[in-house]
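The residues making up each chain are set out below.
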Amino acid sequence: MLEVKNLHASVKGNEILRGIDLKVKAGEVHAIMGPNGSGKSTLAQVLAGREAYEVTDGEVHYEGKNLLDLAPEERACEGVFLAFQYPVEIPGVTNNYFLKAALNSIRKYRGQEQLDAMEFLKLVKEKLNVIELDQSLLNRPVNEGFSGGEKKRNEIFQMAVIEPKLAILDETDSGLDIDALRIVADGVNKLRSKDNATIVVTHYQRLLNYIVPDFVHVLVDGRIVKSGGKELALVLEEKGYDWLREEAEVNA
Amino acid sequence: MSTDSNTIEELANREYKYGFVTDIESDTAPRGLNEDTVRFIAAKKNEPEWLIEWRLKAYRHWLTMEEPTWPNVHYPKIDYQDMIYFSAPKQKDRPKSLNEVDPELRKTYEKLGISLAEQERLTGVAVDAVFDSVSVATTFKEKLGELGIIFCSFSEAVREHPELVKKYLGSVVPSSDNFFAALNSAVFSDGSFCFIPKCVRCPMELSTYFRINAAETGQFERTLIVAEEGAYVSYLEGCTAPMRDTNQLHAAVVELVALDNAQIKYSTVQNWYPGDKEGKGGIFNFVTKRGKCAGVNSKISWTQVETGSSITWKYPGCILLGDNSIGEFYSVAVANNYQQADTGTKMIHIGRNTRSTIVSKGISAGHGNNSYRGLVEIKKNAANARNFSQCDSLLLGDKCGAHTFPYIEVKNSTAKVEHEASTSKIGEDQIFYCKQRGLSTEDAVNMIVNGFCKEVFRELPMEFAVEAQKLLGVSLEGSVG
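Chains as they are written, first to last, in my numbering: chain G, 1 to 252; chain E, 1 to 481.
Rather than coming from a laboratory, the hints here were simulated on the basis of the structure. A portion of the hints provided could be inaccurate.
What the hints assert, rightly or not - Computed footprint of chain G on chain E; a stretch qualifies when at least three of its residues, placed anywhere within it, have a C-beta under 8 Å from a C-beta of chain G: (1) 420-433; (2) 443-454.
As the list claims (entries may be wrong) - Chain G regions said to be covered by chain E (calculated; three or more residues, Cβ under 8 Å): (3) 45-56; (4) 90-98; (5) 104-118.
As the list claims (entries may be wrong) - Straight-line alpha carbon distances no greater than 16 Å define the calculated EDC-like cross-link-like pairs of lysine to aspartate or glutamate that follow: (6) K165(G) / E28(G); (7) K425(E) / E89(G); (8) K165(G) / E74(G); (9) K23(G) / E63(G); (10) K108(G) / D443(E); (11) K57(E) / D177(E); (12) K454(E) / E54(G); (13) K198(E) / E229(E); (14) K108(G) / E163(G).
In this text, a Cβ means the ideal position worked out from N, Cα and C, and glycines have one as well.
Bound-form chain E, shown alone (with noise of 0.2 Å):
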């Protein structure tokens, strides 16, 4: 055990012998972390015995661990025992209006085109009268709810399904993992819950409810996701208008389960705020993704577009288990001033007959540093597995930064992977091009990086993919000439 964790043990008994007593009337936990503030947060949330030892467990565990510091990239050093673990969301605090918001704030949401309604949801106008998204979410619900698909929020699935989530919480990411989803699995605050049963296939995609659903879901959420045999759905998470938080710090942890003949598409915009100009401020987004593909010919596919937050440590990745099981990882980083991203994917080839693809396309600007690190390990009896990799980085000016980390392990001879990567700069040549046909710098900027990203792109919703090509505009805005 080292000195530090330690120390954050000392801490957190100190605290404890200082009498610190648990205000369940209370709204909020008091500072720092210990047993206690686990115990406050499942009683707040009336959860069950079993996961309060569950959490308890995690959170012993997460004692032992140490932050890991083998990502290429640079913060100050977080203190666990200066921050608040659980909160509600307080009505007196909020603006009353889209008057008081930050005007700089507004002017993003309309170039992104984003309605006044989702204006005020996102910045957490208080509004008194429940606005008609609400009841749409309600009639989506009551006609998922006729085909059997469960999604709910996290605590109502602790609630209503017991059964399903004890089955399959941490059964791809346990709660030892890795020090974020320890510390997850030990606070997390509220989430998403999707069950697709047995050969269904979900008929629309879980967008526009999920964007209601993820407000006030605090910096520890958590998902789980499970297609049985045969089922089918796709998922989209986050929103393209810029989320601000005043936690820093946030650690996700989602799970993906498809069983047998199951598919499941998750696909991700996040554009949590990414600091000002020097890069202070923004969100710190440690996020632990994991996919099992347990059944046969079972499919997950990941597709992330990351524009936001100043640091973003994410691998999104497959556990192809299952023989023929396919897992998929198409993906955009953006950095951009000081933004710093180390983010990739993990394809973890068990079953036979096993495919992965890759496709990252990082994107520095500014001051940013982008790194791609990903791991292809093909197991023993992974016969026939194959992998496709192709990593490329686009610079925009020249004090920014591309990396790329890629791991392979191969232990079976039958494999077959291939790595492609490269680095390219947007040219003076290229923008000129387009400017002497008529376009402005900006457009040419955008019609170039659009390009650069297309086949990531074209791996997301309709909706999402137009959605993410304005947002990477509105990103970069600045970022050339």
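Isolated chain G (complex conformation) (with noise of 0.2 Å):
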């Protein structure tokens, strides 16, 4: 589904990932685990398409497209969504009616139906259950007054509306209490099939309690230093991530 080639990336000037070399397969779940600063959501920002990284060298295919040339609506449109580490607030504008416009506009892309606002409401609600929310936050401005933790499970919630096939999931569980954690994952659980991919951006291993992945990489300094199972998220919960940092640097 999405093949990332030695993807180069800097903003600013300054080179923030240097060669990702990453593969993902429909019905997988890949986690990136790194400390902070390595990089983690810069890849998710350019896999997103933000105009402000800039793109040096390497290729990202996906789903036999150049993801690069896309916009990053028409990327939204093929089916890429990023739950946002930081949800932008929209004042004025009710969840209901942007998440209306987007997925609106999505199926206007590939040519489906537009959804009429009795569909769309019933589409919703559905939605609402998967990540027990009240239905009140329909009628609420676009982020606006959420709790951190409301924010997080509103990406969720728009997320399984939009039914992406590769969804990015950027430091969702950061902000999150416990119980809002075992939510937030049991909503992305319901939501995997065979035919999605989902690459979960963190630095805890908690997460991953909960959300398993099939695939865990080691993000460090803007490369992938190492790759491995599940249960590479449990040696970097006991030893850290400097041991990696020092093994990259033997090997550079």
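Build the complex: two chains, separate frames, hints provided.
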């Protein structure tokens, strides 16, 4: 589904990603772990198409297309979804309106029928259950006045409505208490299928107890220095990241 | 008296010396402004002596006044002697069909979803057959007439209801009020008159009719609305479709009078030609709008969406004279490209327990410059007066400007006055967030801006609100990204 080859990216002249290689197949869950500042969020943003990051080298293929050629909204319409680390507030625009516009824009791109208000309401009510959110959320402005936990849950709720092929969760666990974490993880697990894939970006192993990954990759200084199965996350929990950094320096 | 107005007077007199003769048969007044121009206009309209005198008094006062320089706007000096103050519409200069109309303008109409019939009317296409909407207007008028509501052109009101016009004309905006109001009082061409008698609730939004009525009223428009005791009216002015006009200066006056327990809701969507991308050729919109809550428990609400004109200078205000009266002002003003807007409101609290609310949303894009200027004045006897003001500015891009000039004068210690202000920029992060959810940049900007204006839009009558949202999108097209 997704193949990243030798991806380099920089922001304002600082190189942050220094040659990322990553392959994600449908049905898989990949965890990207790493210390602060290692480039995890940058990778997520670059895949989503944030203009502030400049791709200086490498390729990204997604579903047979050159992902880097697509505008952010085209990537979204092609099924790439980013759950933001810091969801953005849009004052005066209700969640309901925002999400309906988004979904219909995606459907239009795919040549599908637009959903009318009634059909949309039926769909969102179903999805609210998945993430155990109250219906009143629909009429509140997007993320405005939301608690940190509500914002993260709102991201997963949007994901449930949009049903992406490739979901990238950027630090979705940060700011969540243990109950909210479980709810969010349950939501993500319910949305897993053999046709879609998930990349979970996190620096704690905690989330991975709930969303069990097929692969774990460790990102240090803009490179993936180690990949392994879910047990790698446990090793990291125990030993931290420094040993990997040292190992990377020896190899370099 | 300043040298400037001396010069104007000199010029006026000089033309007169050259033997200017009023040609009553002509459709167009000679260039320039003097007492004969004023008389020419009055004669064209067969006006009674009292009104001619009223105009002349205004003209003479105007000569003593100076054009205001305090607004935060810049424009080349206007030569008042180089303008034509009255011109009957000419059929032969009009486009014969829509195919002759500027394609850019037509594209905008299409984006706004304006019907062909309305497009023809807006662009002034010469139509031989009286098209449907005119007869619709006549039907409206009959229906309103049954309720005792008078709704007609200003000229007709002068002919048919002189006692009412005489009583209320200039009672809210005196002819000496300000430079542009004085000019308007001297040379106003036409406008609308609306009278709602005691305890009558006007059963429809006075909009469709007005749109038809509004054509050809010219650059100096005059509107007078009177709501008697317990009456209610909702009045819509303007149109979302861009209006082009060869007259660059527009100086309108609007007066509203609300007696005891009466309520007037006045909504405006203004979309005059704003000039091209470099700011050339746009309309100067210098308007005086004021409402008087003359009676107890009366209420006047101004709602405006200002997207057009190259320069906007207007401060729709309320004089809260009656005890417990309420004044409201909700405004969205857009300044894109080289547009300049200096707009706001005046709330003058005179009666006891008077309340006012101000919600102003300024949007600046391109090289646009947007200023909010507002006065809240609590007079000595206005016990328990309350005001809440909220002024928010939204910036798109980094070449535009937003300014806020709030003036607050409180002379009664029981008053409560609140003022909130904010300035924000449409963030790249907001746009990226929307795009990541599948929306185009344009849709994203639209959505964010409409969200910003929501508190004002919800005050607009339904049909207007929908149009206003679309209009905002078109006005800001291409301003980001």
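Can you list which hints this structure breaks, lowest number first? Hint 12 contradicted; others consistent.
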